[in-house]
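Just so you know, the sequences run in chain order H and A.
With our numbering, the residue at position 11 of the first sequence is 11, and numbering never jumps.
Just so we're on the same page, our numbering is the position in the second sequence counted from 1, plus 243.
Hint data in this document are derived by calculation from the structure and do not stem from the laboratory.
Take the hints with a grain of salt, since some may be wrong.
Said to hold, decoys possible - Just a few of them, taken from the derived set where beta-carbon distance is under 8 Å, the chain H residues facing chain A:
(1) Pro51
(2) Ala64
(3) Leu68
(4) Glu72
(5) Glu91
(6) Gly170
(7) Asn174
(8) Gln189
(9) Ala190
(10) Gly192
(11) Pro202
(12) Gln225
(13) Val228
Said to hold, decoys possible - Just the calculated beta-carbon pair ranges, DEER-fashion:
(14) A:Ser451 / H:Gly199: 21 to 31 Å
(15) H:Gly199 / A:Ala348: 34 to 44 Å
(16) H:Val110 / A:Ser465: 16 to 26 Å
(17) H:Ser37 / A:Asp381: 52 to 62 Å
(18) A:Ser451 / H:Arg66: 50 to 60 Å
(19) H:Arg125 / A:Leu310: 42 to 52 Å
(20) H:Glu233 / A:Arg466: 19 to 29 Å
(21) H:Arg2 / A:Ala334: 35 to 45 Å
(22) H:Glu233 / A:Tyr321: 20 to 30 Å
Each residue gets a CB set at the ideal place from its N, CA and C atoms; glycine is no exception.
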Amino acid sequence: MRREESLIRSLVEMADTLVDDYDVIDLLTGLADRCVSLLGASAAGVMLASPGGDLRLVASSSEAMRVLEVFELQAQEGPCLDAFHTCSRVEHERLQAGAGPWPRFAAMAVEAGFQSVSALPLRLRTVTVGALNLFHVGQAPMDERDVVVAQAFADLATISLLQYRAAMEGQRLNEQLSAALSNRVLIEQAKGVIAERAGVDPAVAFSRLRAYARNHNLLLTNVAQAAVDGTLEPSAWERGPDL
Amino acid sequence: MSGERLRTILAELSVPGAPAARLCDVSTRLIGVSGTGIMLMSGDVPQGSLCSTNEASALIEDLQYTLGEGPSVDAYRYNQVVHEPDLANPAVARWSAFSPLALSAGVRAVFGFPFRMGGARLGAVNLYRDRPGPLSDDQHADALVMADVIATWVLDVQAGAPEGDLGARLEDGGDFHYIVQNAAGMVSVQLGVSVTVALIRLRAYAFSHDRALNDVARDIVSRALRLE
Numbered sequence: 001m002r003r004e005e006s007l008i009r010s011l012v013e014m015a016d017t018l019v020d021d022y023d024v025i026d027l028l029t030g031l032a033d034r035c036v037s038l039l040g041a042s043a044a045g046v047m048l049a050s051p052g053g054d055l056r057l058v059a060s061s062s063e064a065m066r067v068l069e070v071f072e073l074q075a076q077e078g079p080c081l082d083a084f085h086t087c088s089r090v091e092h093e094r095l096q097a098g099a100g101p102w103p104r105f106a107a108m109a110v111e112a113g114f115q116s117v118s119a120l121p122l123r124l125r126t127v128t129v130g131a132l133n134l135f136h137v138g139q140a141p142m143d144e145r146d147v148v149v150a151q152a153f154a155d156l157a158t159i160s161l162l163q164y165r166a167a168m169e170g171q172r173l174n175e176q177l178s179a180a181l182s183n184r185v186l187i188e189q190a191k192g193v194i195a196e197r198a199g200v201d202p203a204v205a206f207s208r209l210r211a212y213a214r215n216h217n218l219l220l221t222n223v224a225q226a227a228v229d230g231t232l233e234p235s236a237w238e239r240g241p242d243l
Numbered sequence: 244m245s246g247e248r249l250r251t252i253l254a255e256l257s258v259p260g261a262p263a264a265r266l267c268d269v270s271t272r273l274i275g276v277s278g279t280g281i282m283l284m285s286g287d288v289p290q291g292s293l294c295s296t297n298e299a300s301a302l303i304e305d306l307q308y309t310l311g312e313g314p315s316v317d318a319y320r321y322n323q324v325v326h327e328p329d330l331a332n333p334a335v336a337r338w339s340a341f342s343p344l345a346l347s348a349g350v351r352a353v354f355g356f357p358f359r360m361g362g363a364r365l366g367a368v369n370l371y372r373d374r375p376g377p378l379s380d381d382q383h384a385d386a387l388v389m390a391d392v393i394a395t396w397v398l399d400v401q402a403g404a405p406e407g408d409l410g411a412r413l414e415d416g417g418d419f420h421y422i423v424q425n426a427a428g429m430v431s432v433q434l435g436v437s438v439t440v441a442l443i444r445l446r447a448y449a450f451s452h453d454r455a456l457n458d459v460a461r462d463i464v465s466r467a468l469r470l471e
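Between the sequences and the hints, there should be enough to build the whole structure, so can you do that?
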């Protein structure tokens, strides 16, 4: 498939999820995945702001523990936090362990195999809800055209989060962000349940969870809830597409 | 966690011991409502009230316990925030037994906020006011943060947490390190318990061995440690 076709297809697929009952975590994981598969990022992650004002990871293109930890650290410092606070793009930055604007973050990111990073705000008009973080194993900046597409993906994801435009707009948004963060915690618990039942690590558990939801046309969060409640038969996790 | 709202709540709660009643007092004062009640729930059934600020909020808790309906019950059951800004003239008729009794005690607006940690659904906070009207955006955000604090507090207390430990762990964001949640899922299967009990067991182990929750979780996930 030509690149333009892939991009258009992605935008249509993402827009399509907004019409129906959709799963925020699944949508944002798809956003992160596309930044890797279509735009050449080595890893991508989405962080959302909690009602308390701190950033937490909700979706990542990689479930590898060391990658998740690099994202988690950004509750304290890093390009995501800066993109969120300034409501604007954090330009491509080469990383040096212990140096630059985010010394601790840079050290962990370098250790995880990344050499450069950038971040885009998740923003719609005056409201910023989080940030999209792009990691690269090389030092070269992303093609500017790819950055434009990444921002388009991020905007679409933001619209999906902000689609309740009722009277209590700010409150609905905070409830939705709170629910998304809570659902991510639920998914992490489900990863643990599946990891133990199937004898795999949590990253593989996530791909099985996601595959099961896809194959059965169920929302990721509902499958995670069933895993935690023990209401899905354990055979559901026994095999699946492993990483 | 690092938000300004959280820091304010923790500063207020930092009195040694922080008994349950303090949670309700701090919530009422910081959010700016007439009263707060915290109901512990399990499997759609109210298990009892952790605290309530005054007679009206105690009544709200008791009524829900007795009648099985009301804002906290719905917040827990549907796992979402429940708003009733005008109990005397509700937009949607509900709580036919609860509402007249609450109104006669001077309650005019009620709000229910679930508190949970992922799949560990622990209960709901009830906020009430003696005049009708919605919560402001700030009050609402404060209440959401308060609900997170209460969730951590309830798990800590059940795990026999040392006094004064809550603030440190909340600021460290302990429960939001995902490895802790992965470990809770694994422990729930290993011990055949709910994820709520698994979260409590993990904490109890960390407290009794004087270790960080995060480190214990790491050992569980790498299968270097197995709780008995």
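Consistency of the hints with the structure:
no., hint, in the structure
1, Pro51, "4 Å, holds"
2, Ala64, "12 Å, violated"
3, Leu68, "6 Å, holds"
4, Glu72, "6 Å, holds"
5, Glu91, "24 Å, violated"
6, Gly170, "4 Å, holds"
7, Asn174, "6 Å, holds"
8, Gln189, "4 Å, holds"
9, Ala190, "6 Å, holds"
10, Gly192, "2 Å, holds"
11, Pro202, "5 Å, holds"
12, Gln225, "6 Å, holds"
13, Val228, "4 Å, holds"
14, A:Ser451 / H:Gly199: 21 to 31 Å, "28 Å, holds"
15, H:Gly199 / A:Ala348: 34 to 44 Å, "56 Å, violated"
16, H:Val110 / A:Ser465: 16 to 26 Å, "23 Å, holds"
17, H:Ser37 / A:Asp381: 52 to 62 Å, "41 Å, violated"
18, A:Ser451 / H:Arg66: 50 to 60 Å, "29 Å, violated"
19, H:Arg125 / A:Leu310: 42 to 52 Å, "44 Å, holds"
20, H:Glu233 / A:Arg466: 19 to 29 Å, "24 Å, holds"
21, H:Arg2 / A:Ala334: 35 to 45 Å, "52 Å, violated"
22, H:Glu233 / A:Tyr321: 20 to 30 Å, "27 Å, holds"
Checked against the numbered hints above, the structure violates hints 2, 5, 15, 17, 18, 21; every other hint is satisfied.
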